[in-house]
Every structure is written in structure tokens, then in C-alpha cells.
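My request is simple: use the sequences and hints to build the entire structure.
Chains as they are written, first to last, in the working numbering: chain A, 610 to 972; chain B, 444 to 884; chain C, 5 to 260.
Hints listed in this document are in silico derivations from the structure and should not be mistaken for laboratory results.
Positions of the beta carbon are idealized from the N, C-alpha and C atoms, including for glycine.
It is possible that some hints are incorrect.
[Said to hold, decoys possible] Here are the simulated PhoX-like pairs of lysine-lysine, each with C-alpha atoms no more than 20 Å apart in a straight line: (1) B:Lys848 <-> A:Lys718; (2) B:Lys497 <-> B:Lys477; (3) A:Lys742 <-> B:Lys793; (4) A:Lys742 <-> B:Lys640; (5) A:Lys820 <-> A:Lys787; (6) B:Lys735 <-> B:Lys640; (7) B:Lys848 <-> B:Lys813; (8) B:Lys502 <-> B:Lys461; (9) B:Lys482 <-> B:Lys793.
[As the list claims (entries may be wrong)] Sample of chain C residues lacking proximity to chain A, with all beta carbon distances greater than 12 Å (derived): (10) His34; (11) Leu58; (12) Thr98; (13) Asp109; (14) Val121; (15) Pro148; (16) Val155; (17) Ile178; (18) Ser179; (19) Gly184.
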Amino acid sequence: MPASVDLPSRTTVIERFKGQGGRIAAVLPIHYPRALFRAFGMLPIEVWGPPGVDKSTGDAHLQAYACSTVRAGLSFILSGAGEVADAILVPHTCDSLQALASVLLDFTKPHQMVLTLYVPKAERASDLEFLGKELRRVFGRLVELTGQRPTDAELHAAMDREQQADEVLARLLSERGKLGVGNREFYGVVRSREYLPAEEFASLARAALDKWAGAPLPKRTPILATGIMPEPMDVLDALDEAGLSIVADDFAGSGRRLYKASTAHDPFDRMAKTLLSGSPDPTRGCGIQPRIDHLVDLAKRTGARGALFYEIKFCEPEAFYVPLVTRGLQAAGVPCLAVEVDITDPMPDQLVTRIEAFAESLS
Amino acid sequence: MSIPGQLAYQLNVNVLGKAALRVQRWQLERKLSKPGTWKHETLNAPIDTAPWLKELITKHYLTGRYANGARKVAWVTSGAPVEFLKALDYFLIYPENHGAVCGIRKVGEEMCTHAEDFGYSRDICSYARCDIGSVLSGKTPVGRLPKPDLLLCCNNICQTVLYWYQVLAHHFGCPLIVIDTPFIYDEAREHDIASVKRQIEDAFPIAERVAERTIEPKRLEDVMLRSRDAVDLWLKVLQTGRNHPSPITAFDEFIHMAPIVEMRGESATVDYYSAMLSALEQRAKDGVGALKHEKKRILWDNLPIWYRIRPLGEKLAEHGVAMVASTYTNAWGELAELINADHPMDSMAKCYLHPILNRGTGHKLQTMQKMLTEYEADGVILHSDRSCKPYSIGQIDQRNAVSDKLGKPALLLEADHTDGRAYSVEQADTRISAFLELLGV
Amino acid sequence: MANVVALGFDIGSSTAKLVGVTADGKLAFHRIEPTEPRIEDQATRMLAEARAALGGGALPVVATGYGRKLIPGADRAVTEITCHARGVWEAMGTPGTLVDVGGQDSKVIVVGAEGRVANFAMNDKCAAGTGRFLEVTAARLRIPIDEIGAVSLSTKKSVPISSTCTVFAESEIISLLAHGEHVENILHGLHRSLVSRLVAMVRGVQPRAPYMLSGGVARNGALRAFLAESLGSEVLVPAEPQLMGAYGAALLVRQG
Chain A
610 MPASVDLPSR TTVIERFKGQ GGRIAAVLPI HYPRALFRAF GMLPIEVWGP
660 PGVDKSTGDA HLQAYACSTV RAGLSFILSG AGEVADAILV PHTCDSLQAL
710 ASVLLDFTKP HQMVLTLYVP KAERASDLEF LGKELRRVFG RLVELTGQRP
760 TDAELHAAMD REQQADEVLA RLLSERGKLG VGNREFYGVV RSREYLPAEE
810 FASLARAALD KWAGAPLPKR TPILATGIMP EPMDVLDALD EAGLSIVADD
860 FAGSGRRLYK ASTAHDPFDR MAKTLLSGSP DPTRGCGIQP RIDHLVDLAK
910 RTGARGALFY EIKFCEPEAF YVPLVTRGLQ AAGVPCLAVE VDITDPMPDQ
960 LVTRIEAFAE SLS
Chain B
444 MSIPGQLAYQ LNVNVLGKAA LRVQRWQLER KLSKPGTWKH ETLNAPIDTA
494 PWLKELITKH YLTGRYANGA RKVAWVTSGA PVEFLKALDY FLIYPENHGA
544 VCGIRKVGEE MCTHAEDFGY SRDICSYARC DIGSVLSGKT PVGRLPKPDL
594 LLCCNNICQT VLYWYQVLAH HFGCPLIVID TPFIYDEARE HDIASVKRQI
644 EDAFPIAERV AERTIEPKRL EDVMLRSRDA VDLWLKVLQT GRNHPSPITA
694 FDEFIHMAPI VEMRGESATV DYYSAMLSAL EQRAKDGVGA LKHEKKRILW
744 DNLPIWYRIR PLGEKLAEHG VAMVASTYTN AWGELAELIN ADHPMDSMAK
794 CYLHPILNRG TGHKLQTMQK MLTEYEADGV ILHSDRSCKP YSIGQIDQRN
844 AVSDKLGKPA LLLEADHTDG RAYSVEQADT RISAFLELLG V
Chain C
5 MANVVALGFD IGSSTAKLVG VTADGKLAFH RIEPTEPRIE DQATRMLAEA
55 RAALGGGALP VVATGYGRKL IPGADRAVTE ITCHARGVWE AMGTPGTLVD
105 VGGQDSKVIV VGAEGRVANF AMNDKCAAGT GRFLEVTAAR LRIPIDEIGA
155 VSLSTKKSVP ISSTCTVFAE SEIISLLAHG EHVENILHGL HRSLVSRLVA
205 MVRGVQPRAP YMLSGGVARN GALRAFLAES LGSEVLVPAE PQLMGAYGAA
255 LLVRQG
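Written out as C-alpha cells, the structure reads:
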């Protein structure tokens with residue numbers, strides 16, 4: 610086993626960035642323009658839960674049938690852990706995040722600026738046009754917050770940097786099957802995209818690629834994994850122990866955010882095009898067949914022998930797709946296992962058993 | 444359209460069905476008008492137009508039964524801009540209303556089970572499970588649902604419909620129009636309105652192609668006028684609840700709302716609500732309340748618990764508590780002022796962006812506060828509906844605001860609109876009793 | 005008994021089961037005990053006792069169940085899903101769909117050719133679909149767990165228990181008792197409620213006939229009868245329903 614990749618912690622990154630006079634934006638899932646914030650000297654730090662948080666502060670505002678990501682997210686913001694942030698962005702992703710943003714704006718009213726971003730649920734010309742204008746609106750809000758007004762050239766430069774980071778992420782994911790590294794360590798690097806500046810992520814990920822490409826390949830059963838994100842990350846240890854390796858990634862936080870480059874002249878049009886260019890995503894109401902086709906293709910390309918649907922309980926957009934999409938994959942010869950978790954709970958034994966049983970059935 | 448299909452449709456719906464339903468209605472009207480028929484201890488007789496309502500709804504589903512082959516059919520969400528489909532003579536099915544019917548007839552659980560057997564999670568909306576379960580099993584309490592030629596999904600009520608309609612589109616293989624309405628956290632921006640307007644415009648040619656005819660502007664205008672008239676009348680119907688005693692309860696409204704949701708834009712709907720309004724105004728004039736003895740008045744928030752309407756209504760009535768209004772039924776009336784047939788596209792765009800469910804949690808609290816004042820209500824029951832996250836999340840803060848700032852009792856009642864398995868009768872009963880004690884009845 | 009060639013050890017949440025098989029796959033030895041808190045000590049002792057009883061030779065062991073990773077000296081740990089499938093296939097000689105109602109988990113396993121797992125499902129976190137559900141409610145009704153099946157079958161009247169979770173169900177039972185409902189009718193309803201959860205899981209896995217039932221609860225006649233009724237098909241029970249996991253584990257030694 611080669612030495613681990615040295616990952617700076619979120620706290621270190623935040624302190625360093627603030628130390629250099631930068632601002633921090635706490636960002637909830639899923640799709641948003643990183644470049645827009647960077648152009649204002651702000652670093653977006655994503656809040657996917659986090660799993661360790663005490664949910665009770667959020668539970669004072671949200672019913673139990675809001676998913677654990679949303680309840681933990683609100684708890685995190687309200688607990689004071691979000692104090693380092695100068696602004697909070699809640700992209701419009703689902704009913705629960707919509708409500709979270711609204712509760713923040715209307716009731717809990719944190720002292721930071723709360724920004725919303727409506728992400729359209731289709732990719733038609735009207736959606737692109739709308740999103741371009743919506744991004745301009747957010748731009749206006751950031752001008753208000755920072756007193757700065759980045760030029761078009763600065764916006765394009767920020768987008769170039771994100772584009773390069775996305776390209777490295779795409780390489781990481783597409784070459785996964787040839788890398789001698791376990792799931793846990795691999796996702797440590799993949800998920801550092803959630804908080805590292807793009808340029809830092811790109812160089813760190815390139816170094817990781819070089820290191821892992823030369824490492825011996827452990828004997829593992831290759832699988833596809835989908836869901837919101839591999840959280841709690843203990844699941845990755847369970848996969849490692851069961852001899853399963855995620856070679857095909859369709860997590861909302863990683864595989865579904867491999868945005869395609871756009872050459873649009875106007876920076877907002879370019880940002881809009883990029884944001885709507887990810888792979889089929891249930892949270893954006895994608896078609897069932899396009900998603901089946903995408904996942905079958907992904908499994909075939911990567912040699913995945915099974916598919917793990919790692920879902921968060923009460924996540925409605927994901928849940929709607931499971932029955933038909935698993936059938937589509939199974940019809941294409943890819944057996945599926947669908948499990949549900951609460952990201953704030955410890956990994957249940959039963960889940961480990963299911964994963965192991967799935968591995969046994971694939972071998 | 445097939446000739447045998449047309450013939451079956453005309454014969455069964457417009458000749459036999461129409462006559463049979465009319466006879467049934469007369470019989471029911473005669474029965475109800477006989478003095479001494481109504482003997483309930485705490486509730487007064489139902490509104491005179493109830494038999495007419497039954498005729499309307501039965502006719503609607505009867506039409507649906509024979510629609511395939513005779514008319515184009517569209518399945519639509521409850522908040523969708525349907526006027527252009529009406530102008531193209533589509534027959535419309537509202538799966539959400541069908542879900543409500545399943546709930547009222549107490550087959551919600553059974554329908555949900557069909558979907559769950561296929562692998563749909565119990566955590567997804569029970570309307571969607573009812574609908575998908577019905578599609579998969581071919582079962583429905585309304586006889587038969589016609590297959591859609593077109594699906595129209597507007598997410599101004601929730602995001603759930605986006606995923607649900609993708610499932611339907613996959614199942615039926617027919618075109619799906621999505622009208623994506625940006626959520627209004629505080630106020631609508633120009634680009635929000637422009638986007639919705641453009642999406643509705645872009646939807647026209649798709650609907651025309653499926654219907655194999657074009658929209659006549661005059662017809663569209665007529666439909667819009669009838670829509671506005673119906674919405675106006677509906678609002679007035681609801682506002683009769685401001686009388687003391689109130690001639691109507693929200694439980695009545697839940698049942699009488701079917702036409703405003705399902706048959707908006709039809710002249711029969713306008714006729715029905717004018718008759719209903721006259722009947723209610725007469726009651727108000729005569730001082731006849733929905734309850735025999737009204738002591739307290741309350742407001743309901745969120746969808747009804749369809750399978751518990753009667754027991755809940757009776758329990759409240761026993762204590763002299765009239766539920767005089769609900770934010771839910773109000774949703775189909777509050778936008779009346781936004782409909783303007785002279786500017787059909789702009790007014791449609793604005794109207795369909797502003798339902799209560801597409802607006803922030805603070806706006807909903809304001810609506811509740813306003814209604815509490817206007818209806819002179821003493822408290823609120825907030826149905827925390829497991830199946831409706833956009834309506835429910837935010838209620839904890841809304842409840843706290845009502846009880847802390849207004850000092851009025853507010854109860855958060857955990858349930859589900861169609862799936863009785865998420866409702867614990869005993870627990871709910873205890874909570875409602877405690878709430879009634881707070882009201883002092 | 006000297007012809008036992010392999011052992012299977014299934015340590016579940018309520019019982020520990022140790023099984024020995026012969027070279028031709030016959031179940032030739034077994035021991036069942038309640039699971040003790042110190043699983044490792046119990047496992048060591050049970051293994052030593054078994055080896056002594058079987059002639060003292062070292063025998064290969066495959067471990068399964070929740071305690072599978074705590075069994076000292078086991079050659080391999082395999083999940084109970086794979087083991088149950090293998091065990092029941094050997095015992096019944098046919099592929100099909102197995103319902104296993106355990107103390108903590110219920111599972112539905114589609115058993116394919118050669119006893120391989122074709123598909124499986126397990127109950128969600130809530131205990132309403134498990135043996136624990138019956139245990140809790142039987143305790144509330146003060147009826148010994150071994151008798152609840154017979155008591156349920158003694159009546160035709162079933163009180164519907166609508167609640168889906170054990171806690172809700174308990175409060176519902178209290179209120180039913182308060183309303184004077186008979187205990188046997190409530191028990192009947194409880195069995196129906198558990199069966200409906202199991203049937204929902206069965207339908208979710210694209211099952212194939214015949215249906216089989218294993219786990220300690222398989223001895224409960226009411227559960228078996230209601231399950232058969234709801235599935236519209238006969239439900240087969242192996243001779244030793246409680247041992248299928250351990251039996252399958254022992255059989256898997258040869259495939260190691």
C-alpha cells in the first residue's frame with residue numbers, strides 16, 4: 610500500500626483562505642457555480658450533512674421526514690459551526706432544501722447573507738436563458754456583499770480554473786479501475802473537491818493519480834455506486850472489507866457533477882450551460898430511460914459487475930427512480946443492491962451484512 | 444378518434460349516463476328535502492347542492508371511463524396551467540384528485556401497496572404511490588382511468604411531481620410537458636415570470652400536435668373567463684365561512700373543491716358554484732350554521748386527512764368547534780385577482796407562479812395570520828403531512844409563531860393525506876383532545 | 005457422529021446454532037443455545053464441546069450471523085443471506101423464495117440454481133417486520149411466545165392493526181384492550197400485520213415459487229398459514245427451520 614495522499618482538512622483550508630483576506634460561502638447540495646464565488650474572492654465550502662453533527666438544533670425546525678442531510682445541514686448552520694461563513698447558498702434541489710432555505714430566510718434568520726439559486730429542472734433553451742439571468746441576480750447579491758464587481762475576463766478566468774479541476778476529477782473517476790487504491794482513500798481525494806480551491810484540488814488530484822497509477826491493483830470486484838454521496842464514509846471501509854471497488858461513480862456529489870466545458874462568449878451563458886451539462890440527475894427530474902441508458906453504459910465501460918444504490922432515507926427524488934432504474938440495470942445483466950441510510954447514524958451492522966451478502970452473490 | 448369510440452362515448456356519457464345521473468340526483472334531492480330526514484345530533488344537514496356535486500363528479504369520472512378513443516386525454520398536476528388544454532378539448536385527469544378519492548373511499552393503503560410491491564418506497568408521497576399503484580395494477584375506485592395522450596407537470600405545488608411524472612412518462616411512453624416554476628422565496632422576479640410565460644408558450648405547439656388541432660384564441664379566452672368566474676365564486680363560497688355561525692366547514696370545502704380543481708374552465712363548474720353560493724348565503728341569512736351549536740372556530744392548514752374527514756369533523760362538532768376555513772382550499776381562490784383574460788399569457792404566468800405552495804414559509808404564516816383575523820378563528824390545526832414536504836416543513840416555526848405571538852392554540856398533527864398507516868388513531872385522539880381543552884371547550 | 009466433516013456456526017441476535025455435516029451434506033449434529041453477551045467465550049466453549057462430542061478432531065468451521073466475526077478459529081465468515089440460501093436449497097432440494105424471520109432482521113431471499121442468492125431484501129430499521137415485533141407484543145399480552153400462533157388460530161376474527169411500527173402497535177394494542185377487545189383477536193391481527201410486511205418484501209424481490217419459511221418463527225403455525233394465504237401459495241418449512249443458516253454455513257466449507 611503506497612503512502613496516503615496528504616489531504617488538508619476543511620478547517621485548515623478555511624483558515625488559510627480567510628488568512629489571505631478571502632471570504633467563505635457555506636454551500637448546500639448540489640449544483641451551483643463555484644467560479645462565480647471564486648471571482649468574488651470567496652471560497653465555497655460544501656455542507657453535505659455533515660454526518661457528525663448533533664441534529665437536535667435542526668430538529669427544532671424540521672420534521673423527522675426531512676432527510677438527514679437537510680436536518681444535519683440546518684443543525685450545522687445553527688450550531689455556530691457555520692460562523693466561519695460570510696454567506697450561505699442554498700441551491701434549489703428538492704422540496705426539503707427549498708424549505709430549509711425558506712426557514713433560514715423567514716424564521717431563523719442567521720446573520721450571514723442567505724442566497725438562493727433556482728436550478729432549472731430541464732435543459733431547454735428557456736431553462737438556459739432563465740439560469741443565465743438567475744446567475745446574474747446572484748452576481749448582484751455578491752456585489753452587494755463584497756463591494757466588488759468582477760469583470761467578464763475575471764469570471765472567465767475563474768471558470769477556466771474550475772474547468773481544469775473538473776477535467777482532473779473526470780480523469781480520476783474514469784481511470785478508477787486501474788488505480789491501486791482503496792475506496793476510502795480514493796473518495797478522500799474525490800470529495801476534497803467539496804472544499805479545496807480548484808487549482809489546489811487539480812494539483813493534489815494529479816499527484817494522487819500519478820501515485821495510484823503505479824501501485825499494485827488489489828483483487829476486487831468492480832461495482833457501480835449511485836446515490837447522493839458516500840456518507841457516512843464508513844461505508845467505504847465496509848466496501849473495502851467486502852472486496853468491492855467503486856469503479857463507476859454516479860453520486861450526485863461527484864459523478865453527476867462532471868460538467869462539460871462550454872465556450873459561450875457571455876460568462877453567465879457559459880456558467881448556465883456548464884451547470885446544466887451534468888449527467889442525468891433525479892434531483893433535476895431527469896427522464897427514467899436516459900438515466901438507465903447512462904448507468905448501463907457506465908457499467909459496461911467500466912466493467913462494473915453490480916450496482917449499489919446507496920440512498921439517504923426520505924430522499925424523494927432518488928427514491929422515485931430506484932424501482933425502474935434497478936430493473937433496467939438488471940435487465941442489462943447488472944445486479945443491484947439498494948440500501949437506505951441516515952447519514953447521522955453510525956453504520957448499522959445490517960448494512961454491512963447486506964453489502965457483504967451482495968459481494969458474495971457477485972463473486 | 445375512432446368512430447366506435449365516439450359512439451360509445453356519446454351513448455354512455457351524454458345519453459345514458461347523463462339521464463341516469465340526473466335521476467339519481469333528483470332522488471337524492473327529494474330524500475334530503477323531506478322534513479325530518481336529517482337527524483344528526485351536532486351537525487346540520489349538508490348543503491342543498493350536495494346531490495348536484497355528486498352528479499358532477501360521477502359524470503366526470505364516467506366521461507373519463509369512455510374518453511380514450513373519443514377525446515384526447517391529458518394527466519395533469521393540480522396546479523398546472525390547464526386552460527390551453529381545455530381550449531383544445533382535452534379530457535383532464537388529476538392523479539392527485541384520484542389519490543384523494545382513493546383516500547376518501549379508504550382504498551389508499553391498497554393502492555399504495557401495489558406500488559410498494561413494485562419497489563416504491565413508503566417514504567414517497569402517498570398520492571404518487573396511489574397513482575402508480577393504480578397504473579401498475581389497473582385498479583381504481585372510479586371504474587377506469589383513461590390512458591393519457593399527454594402529461595403536463597407543473598412543479599408549482601412540489602418537486603415530487605417532477606419525478607412522479609417521469610415515472611408516468613416512462614410507463615405510458617407519451618409526451619411530457621414540464622412547466623418549471625421557480626420557487627418564490629420572497630417575490631417573483633421578472634425573469635421568473637418571463638421563463639414561465641415562455642414555457643407555457645412553448646407548450647402550446649406540443650399540445651396542439653398531440654391534439655391534432657390548433658388553439659383558437661377566442662376559445663382560450665372563454666376558458667380563461669370561465670376559470671376566473673369559477674375561482675371568483677369559489678373564493679366567495681369560502682368567504683361565507685366568515686359568518687357567525689359559519690354555514691360551511693373546511694370539511695365541506697374539501698369535498699366541494701373537486702370541481703374547482705378538476706373542472707376549472709367549464710361552464711358547469713361556474714353554474715355549480717353560483718348555486719352553492721346562493722345556498723350558503725341563504726343559510727347565513729337564516730342564521731343556519733354547519734354546526735348546530737358553534738362555540739369556537741378554527742383554521743386548518745395543509746391537505747386534509749382524506750380517510751379521517753368524517754370522524755375528525757364529528758369529533759370537533761361534538762365540542763362545538765367549527766373548522767371555518769383552510770389554507771388549502773383557499774389556495775384555489777386566492778389567485779383570482781391575478782387572472783386577466785385580456786393578457787392571457789402574462790396573467791397565466793403570474794398566476795401559476797404564486798400558489799401558496801410555491802411561496803416561502805413566511806408567506807404561509809402571513810396567510811394563516813390573515814385568515815385567523817378575517818375568519819375570526821380561535822386556533823389552528825396544522826396537519827404535518829408526511830407525504831407533503833413543501834406544505835409541511837416550516838410548520839414547526841409557523842405553529843410557534845401562532846401560539847407565541849398571537850397567543851392562539853396551535854396543534855401540529857402528524858398524519859398523511861392518503862396513507863392511513865402513518866396515522867395513529869389513539870395518539871391523534873389524545874392530541875386533539877388536549878387541543879380542545881386549550882380552546883376551552 | 006464421527007463422520008461429521010465440517011461445522012457451521014450461526015450466532016444470531018437471540019440464539020447461537022452450531023451444526024455438523026457429513027461428507028455427503030447430511031445434517032448430523034446440532035446444538036442450540038440462547039446467545040450470551042460474551043459471544044467469543046460462548047463460541048469457544050460451544051466449539052470445544054462439539055469437537056469433543058464428535059471425536060476430538062479439528063474440523064473446519066464457517067461462521068455466520070451477527071456474531072460471525074467474533075468466532076475464534078473460524079475458517080471463514082459468510083453472511084447469513086448466502087448461508088440460508090445454500091442451507092435451504094440443500095434441505096428442500098429446490099430453488100424458490102425463502103422468507104426468514106429472525107429476531108432482529110427479516111429477510112426474503114430468492115434462491116437460484118445450486119443454492120445461490122439471486123436477489124434479496126431485508127426489513128428496514130423499524131422492528132415491525134421481525135420476530136421481535138411478536139415478542140414485544142406477546143409480552144404485552146402476557147402470552148408465552150410459543151403459544152401465540154395457536155392462540156391466533158383459535159379465532160377467525162382479526163382486529164386490524166394498522167400501525168407499521170412496534171411502538172405505535174403497542175399503543176394501539178393498549179387501546180384495543182381498553183376497549184374490551186379479546187386477546188386472541190388482537191393476536192390474530194398482529195400476525196396479519198407482520199405477514200403483510202413480509203409479503204410486501206416478497207413482492208419487492210420478483211419472487212419465484214415455491215415459497216419457504218425458516219427461522220424460529222417458522223414453528224408458529226399462524227404465521228405460516230397466513231403467509232400461505234396472502235401469497236396464494238403453499239409455504240414449505242424445512243425439518244429444522246432454525247438451523248438453516250448454520251447448516252448452509254457448514255455446507256459452504258466444502259466450497260471454500
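Evaluation of the provided hints:
Only pairs whose Cα atoms come within 20 Å are accepted, and B:Lys848 paired with A:Lys718 is accepted, the gap being roughly 17 Å. Our distance criterion of 20 Å between C-alpha atoms is met by B:Lys497 and B:Lys477, whose separation comes to about 19 Å. Of the pairs offered as hints, the one joining A:Lys742 and B:Lys793 holds, with about 18 Å between alpha carbons and a cut-off of 20 Å not exceeded. Distance restraint check for A:Lys742 and B:Lys640: the Cα-Cα separation of roughly 15 Å lies within the 20 Å cut-off, and the hinted pair is therefore satisfied.
At roughly 12 Å between alpha-carbon atoms, A:Lys820 and A:Lys787 fall within 20 Å of each other, so this suggested pair holds. The straight-line distance between the Cα atoms of B:Lys735 and B:Lys640 is roughly 48 Å, outside the 20 Å bound, and the hint therefore fails. For the hint linking B:Lys848 to B:Lys813, the alpha-carbon distance of about 14 Å falls within 20 Å, and the restraint holds. As the CA atoms of B:Lys502 and B:Lys461 are separated by approximately 7 Å, the hinted pair is consistent with the 20 Å bound.
Distance restraint check for B:Lys482 and B:Lys793: the Cα-Cα separation of roughly 47 Å exceeds the 20 Å cut-off, and the hinted pair is therefore not satisfied. Every beta carbon of chain A lies more than 12 Å from that of C:His34, the smallest distance being close to 23 Å; the non-interface claim holds. Even its closest Cβ contact with chain A, about 27 Å, leaves C:Leu58 beyond 12 Å, as expected for a residue assigned away from the interface. Against chain A, the non-interface label of C:Thr98 holds: every CB pair exceeds 12 Å, the least being about 19 Å.
The Cβ of C:Asp109 does not lie farther than 12 Å from every Cβ of chain A; its closest approach is about 6 Å, which violates its non-interface assignment. Consistency note on C:Val121: stated as away from chain A, yet its beta-carbon is not over 12 Å from all of that chain's, at 4 Å minimum. C:Pro148, annotated as away from the interface, keeps every beta carbon of chain A farther than 12 Å; the closest lies near 28 Å. Distance check on C:Val155: its Cβ is at least 30 Å (rounded) from any Cβ of chain A, clearing the 12 Å threshold; non-interface status holds.
Its beta-carbon lying about 23 Å from the closest one in chain A, C:Ile178 satisfies the requirement of being farther than 12 Å from that chain. Even its closest Cβ contact with chain A, about 23 Å, leaves C:Ser179 beyond 12 Å, as expected for a residue assigned away from the interface. Non-interface call for C:Gly184 relative to chain A: holds, since the shortest CB-CB distance, roughly 33 Å, exceeds 12 Å.
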